[in-house]
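Undergrad: Sequence:
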Amino acid sequence: MGIGQKAGKRGGVILGLRSHLLGLVVVAFLPALAVGGLASWQAVTGHLEAFQVQLRDTARALATAADREFEARIAALTTLAESPLLDAPLADLSAFHPHAQRAAAALGTPIVIIGPDNRQLLNTSLPPGTPLPLTQTAVPYSGALQSGRPAVTNLLQAASDQAAIVAVLVPIRRDGRTLATLSTRITPDRLQRLLEAQKFENGRFAALVDGNGRIVGRSLADLVPGTRAASWYMAGVASNTGWMSGPGVDGRGVVTAFSALTAGSGWTVAVAAPSELYLASWGVPLAAILLGGAVALGLASLLALALAHRILRPLQVLTDAANAVAEGRQQALAQAADAAQPPARVTEFKALRDALTRAAQTLAGRNRDLAASEARLRAIVETAVDAIVVIDEKGTVHSFNGAAETIFRYPAEEVIGRNVSVIMGAGDAARHDGHLARFMATGERRIIGIGREVEGHRRDGSAVPLDLSIAEWRDGEGQRFLTGIMRDISSKKAEEERRLLLAREVDHRAKNLLAVVQSVIRLTPRESAEAFAQSVEARVMALARVQSLLAEENWAGAELRAVAERELAPYRLGNNGSAVQIRAEGPVVMLPAEAVQPVAMILHELIANAAKHGALREVGGQVELRWRVEPAPAARGDDMLCLEWTERGEHFRDVAPRRRGFGTRLINATVQHQLGGTLTQRWETGAMRCELRLRLRPARKKEEVLFGAA
Numbered sequence: 001m002g003i004g005q006k007a008g009k010r011g012g013v014i015l016g017l018r019s020h021l022l023g024l025v026v027v028a029f030l031p032a033l034a035v036g037g038l039a040s041w042q043a044v045t046g047h048l049e050a051f052q053v054q055l056r057d058t059a060r061a062l063a064t065a066a067d068r069e070f071e072a073r074i075a076a077l078t079t080l081a082e083s084p085l086l087d088a089p090l091a092d093l094s095a096f097h098p099h100a101q102r103a104a105a106a107l108g109t110p111i112v113i114i115g116p117d118n119r120q121l122l123n124t125s126l127p128p129g130t131p132l133p134l135t136q137t138a139v140p141y142s143g144a145l146q147s148g149r150p151a152v153t154n155l156l157q158a159a160s161d162q163a164a165i166v167a168v169l170v171p172i173r174r175d176g177r178t179l180a181t182l183s184t185r186i187t188p189d190r191l192q193r194l195l196e197a198q199k200f201e202n203g204r205f206a207a208l209v210d211g212n213g214r215i216v217g218r219s220l221a222d223l224v225p226g227t228r229a230a231s232w233y234m235a236g237v238a239s240n241t242g243w244m245s246g247p248g249v250d251g252r253g254v255v256t257a258f259s260a261l262t263a264g265s266g267w268t269v270a271v272a273a274p275s276e277l278y279l280a281s282w283g284v285p286l287a288a289i290l291l292g293g294a295v296a297l298g299l300a301s302l303l304a305l306a307l308a309h310r311i312l313r314p315l316q317v318l319t320d321a322a323n324a325v326a327e328g329r330q331q332a333l334a335q336a337a338d339a340a341q342p343p344a345r346v347t348e349f350k351a352l353r354d355a356l357t358r359a360a361q362t363l364a365g366r367n368r369d370l371a372a373s374e375a376r377l378r379a380i381v382e383t384a385v386d387a388i389v390v391i392d393e394k395g396t397v398h399s400f401n402g403a404a405e406t407i408f409r410y411p412a413e414e415v416i417g418r419n420v421s422v423i424m425g426a427g428d429a430a431r432h433d434g435h436l437a438r439f440m441a442t443g444e445r446r447i448i449g450i451g452r453e454v455e456g457h458r459r460d461g462s463a464v465p466l467d468l469s470i471a472e473w474r475d476g477e478g479q480r481f482l483t484g485i486m487r488d489i490s491s492k493k494a495e496e497e498r499r500l501l502l503a504r505e506v507d508h509r510a511k512n513l514l515a516v517v518q519s520v521i522r523l524t525p526r527e528s529a530e531a532f533a534q535s536v537e538a539r540v541m542a543l544a545r546v547q548s549l550l551a552e553e554n555w556a557g558a559e560l561r562a563v564a565e566r567e568l569a570p571y572r573l574g575n576n577g578s579a580v581q582i583r584a585e586g587p588v589v590m591l592p593a594e595a596v597q598p599v600a601m602i603l604h605e606l607i608a609n610a611a612k613h614g615a616l617r618e619v620g621g622q623v624e625l626r627w628r629v630e631p632a633p634a635a636r637g638d639d640m641l642c643l644e645w646t647e648r649g650e651h652f653r654d655v656a657p658r659r660r661g662f663g664t665r666l667i668n669a670t671v672q673h674q675l676g677g678t679l680t681q682r683w684e685t686g687a688m689r690c691e692l693r694l695r696l697r698p699a700r701k702k703e704e705v706l707f708g709a710a
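In full-length UniProt numbering, the protein residues as written are 1 to 710.
Any given hint might turn out to be false.
Unchecked claim - Label-pair ranges, simulated between beta-carbon atoms:
| # | residue 1 | residue 2 | range |
| --- | --- | --- | --- |
| 1 | PRO89 | SER147 | 50 to 56 Å |
| 2 | GLY251 | GLU49 | 55 to 61 Å |
| 3 | ARG102 | SER147 | 52 to 58 Å |
| 4 | PRO84 | ASN202 | 52 to 58 Å |
| 5 | ARG617 | ALA494 | 16 to 22 Å |
| 6 | GLN54 | ALA88 | 51 to 57 Å |
| 7 | GLY226 | SER125 | 20 to 26 Å |
| 8 | THR79 | ASN202 | 42 to 48 Å |
| 9 | ILE416 | GLY461 | 17 to 23 Å |
| 10 | VAL249 | SER83 | 43 to 49 Å |
| 11 | ASN212 | GLU276 | 15 to 21 Å |
| 12 | LYS492 | PHE662 | 16 to 22 Å |
| 13 | GLY226 | THR262 | 45 to 51 Å |
The set of hints was computed from the structure by calculation and includes no laboratory data. Just so you know, even glycine gets a beta-carbon here, dropped at the ideal spot from N, CA and C.
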């Protein structure tokens, strides 16, 4: 309740000084408002009448202009109809034709003579002697013959070019009889230009309507001639109201005045204006009068309020300051402590103001300290890398920091106000409400203050492992809240799994490698200790080279070219130290990890055999390795890898050796048993060819393995 306004003893309201001053202003202005209302009504009536008179005058002027256009043609045709050249029978009009052509040129339209049988007797647009057709529409011409008076037709369609026209007809009469009819045309474009010449503005427009109710032309030039006029307009014309309103052809409301033509039967000129323009013609002056009265009343009210404000301002300031102290509003407290307050005219007001100022300053300082503390806490919460979520006793989320948004992939506004179970794993969510209710009822702490691992639930449905710690606290009103601090331990869990898998892989690979070495040692011939040692050492080195290559590729497999280069590289120098020709060509082929060691062992045995017994033991010998991939038919197994090993040298003959060595047996066993392939060898004069066909399974991606296949 404001200053100067209080409840009476019996519940009534006693108005203050401000209300009384406003009431006085209103009472003083009532007579002036009544006079102003009467003047406004008279002004509005005058503007309406002026608007209607303007539209009617414009319609009459345009009707007169259209009549002049028709009458000029009637006069020209009447002069022709009285020509002595038409006194003779109308069968021969050759003498009249030049005379009619000059008149047509002056009018700018052809002139036609139509006989009683509706047949054209003369047409100035055609040379004399040209066969002339019947007219397309007989009714208007027959009417002119019967009446014996000039006439203007409604909108027609020309027989020659199918264009919309208006025909002007004048009968040729001799001895009281109508012998034929003289006719000329007016195009809607010409009549429309009469309307456009008026230069209408603000949405006003004019239309010329024939006796059939079809629009011949409009000043807006947006209609096809022949469009039917609105039914409400034709009804108004029939009742001769002279002023009407309704929707236009575009659906917008218009007000219309019309004037009838004397030359054309039933022809009218309509002048229309948008309804909103008509309303504005009286709305603007009315608004000006009302606005003037409102401004005057407002100024008087402002003066009254200013006077009341000057009287009541000191007391109101003290009231506001007291409310500010009670409510703790920061901005109002600062205003209450401002030394630039209006001077108090009463001693008690001054003492009260000083006391309120001291209280305001004290509270303002405390509020600043509290705001700074809240800002620090907010900064810590928002910049923390751990998720911090605050819930109440019912499990409803009240706070959800930025790290929580990142971990759970929920925006804060989507979680706040919902139950915390939305971000909990299925198992924890099912038990959460029961644990929370038990804690609130008994105070038993099972996980508060004790960290533990839980599973969170992201927005996309995925699970995330978390380290969770919970703290309990109460607000100023004693309501209990729980703050959960959660750390995403996905990386920690993944690292633990990687270490475990790595240990298993190392164990598996070591056992595999030892098994291969054991097989090599067991199968290598023991003809002599030195040869045995060299053979075993070479094969172990081959395994070591490919082992290094697999390690570089994270045991996901290896590219065939890299395997070949490593196995062939030690033999690039021949037995005499000179470079030998070894070529390896083929497309990029990724070998799966389980195939790399067998393929490397095959290549080692082939190149070692070439160095000992084949092409590389002689000068000029050549070794060539080519490979290709033959795709398997759709849905019919793996692709085939074809390796072609060719050695060229003079000592080769087209007879296979009678005895197969250990290397050949090892190659055969590796191809058939480890790789599931086939081996074909053939000897020719000067060359030995070996073809291996192996099943090629796709290599796994690097991210699918840690240290090779399990």
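Undergrad: Confirm or reject each hint.
TA: A quick look at each hint next to the structure:
1. At about 23 Å, the beta-carbon gap between PRO89 and SER147 misses the expected band of 50 to 56 Å.
2. Checking the proposed 55 to 61 Å range against GLY251 and GLU49 shows it is violated: the Cβ atoms sit about 28 Å from each other.
3. A beta carbon spacing of about 28 Å between ARG102 and SER147 contradicts the range 52 to 58 Å that was offered as a hint.
4. Roughly 55 Å separates the CB atoms of PRO84 and ASN202, a value that falls within the hinted 52 to 58 Å.
5. Checking the proposed 16 to 22 Å range against ARG617 and ALA494 shows it is violated: the Cβ atoms sit about 54 Å from each other.
6. Between GLN54 and ALA88, the C-beta spacing of about 54 Å keeps the proposed range 51 to 57 Å intact.
7. Checked against the given bound of 20 to 26 Å, the beta carbons of GLY226 and SER125, roughly 23 Å apart, stay inside it.
8. Checked against the given bound of 42 to 48 Å, the beta carbons of THR79 and ASN202, roughly 43 Å apart, stay inside it.
9. As the Cβ distance of ILE416 to GLY461 is approximately 21 Å, the hint placing it in 17 to 23 Å holds.
10. At about 44 Å, the CB distance of VAL249 to SER83 agrees with the hint of 43 to 49 Å.
11. At about 31 Å, the CB distance of ASN212 to GLU276 disagrees with the hint of 15 to 21 Å.
12. Here the CB-CB span from LYS492 to PHE662 is close to 52 Å, at odds with the stated 16 to 22 Å.
13. For the pair GLY226 and THR262, the beta carbons lie near 23 Å from each other, so the given range of 45 to 51 Å is not met.
Consistency note: the structure conflicts with the earlier hints numbered 1, 2, 3, 5, 11, 12 and 13.
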